[in-house]
Every structure is written in structure tokens, then in C-alpha cells.
Amino acid sequence: MRTTIEVPDQLMQEALTVSKAKTKTMVIVLGLQELIHRHKLEELRALRGGVALTVDVRASRKRS
176 MRTTIEVPDQ
186 LMQEALTVSK
196 AKTKTMVIVL
206 GLQELIHRHK
216 LEELRALRGG
226 VALTVDVRAS
236 RKRS
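Using the working numbering, you'd call the opening residue of the sequence shown number 176 and step up by one each time.
Hints were generated in silico from the structure; no laboratory data involved.
Being a predicted model, the structure only gives us computed values, none of them experimental.
Careful: at least some of the hints might be erroneous.
Stated by the list, open to error - Straight-line alpha carbon distances no greater than 30 Å define the calculated BS3-like cross-link-like pairs of lysine-lysine that follow:
#: 1; residue 1: K195; residue 2: K215
#: 2; residue 1: K197; residue 2: K215
#: 3; residue 1: K215; residue 2: K199
Claimed, not checked - Distance windows between CB atoms, simulated:
#: 4; residue 1: R223; residue 2: V193; range: 48 to 54 Å
#: 5; residue 1: L207; residue 2: D184; range: 15 to 21 Å
#: 6; residue 1: I180; residue 2: L219; range: 28 to 34 Å
Ideal Cβ positions, reconstructed from N, Cα and C, are used throughout, including at glycine.
Go ahead and model the full structure; you've got the sequences and the hints to work with.
In C-alpha cells, the structure reads:
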């Protein structure tokens, strides 16, 4: 998808430096991937402790 955006020069330069990306497009792609990754991690963290599991350790040891 072709999109026109305005990014502050200093921000883009710093992103290029820290990411070691070769192109501005790659910097944007990496940034979007990171945003999505962090969002998914937050969703997983929200589930922490919210799922009740019934695990019988003795029974699972007997199966081994």
C-alpha cells in the first residue's frame, strides 16, 4: 500500500540509526510490527490469571 506521511526528520534519522534499517520504508514496517507485537503481548498479559486450569500433577506423573 502506498501512503504519504510526514515524519519529523530527527525522529526518522534516529529510527534509521537504532534499527539499522536500510530504508525509511523498512523503519515504518518495523515500527508497525513492533506496535502490533506489543499490543498482542498486552492482550496476553490481561489474560494472566484469568483462566482456571485444573491440573492433577499426580495423574500426569502416572501417565509418564
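Results for each hint:
1. K195 to K215: Between K195 and K215 the Cα gap is close to 24 Å, so the pair holds against 30 Å.
2. K197 to K215: Status holds; Cα separation ~27 Å.
3. K215 to K199: With a Cα-Cα distance of about 25 Å, the restraint between K215 and K199 holds, given a limit of 30 Å.
4. R223 to V193: 48 to 54 Å: Between R223 and V193, where Cβ atoms are some 30 Å apart, the hint is violated.
5. L207 to D184: 15 to 21 Å: 20 Å, holds
6. I180 to L219: 28 to 34 Å: 29 Å, holds
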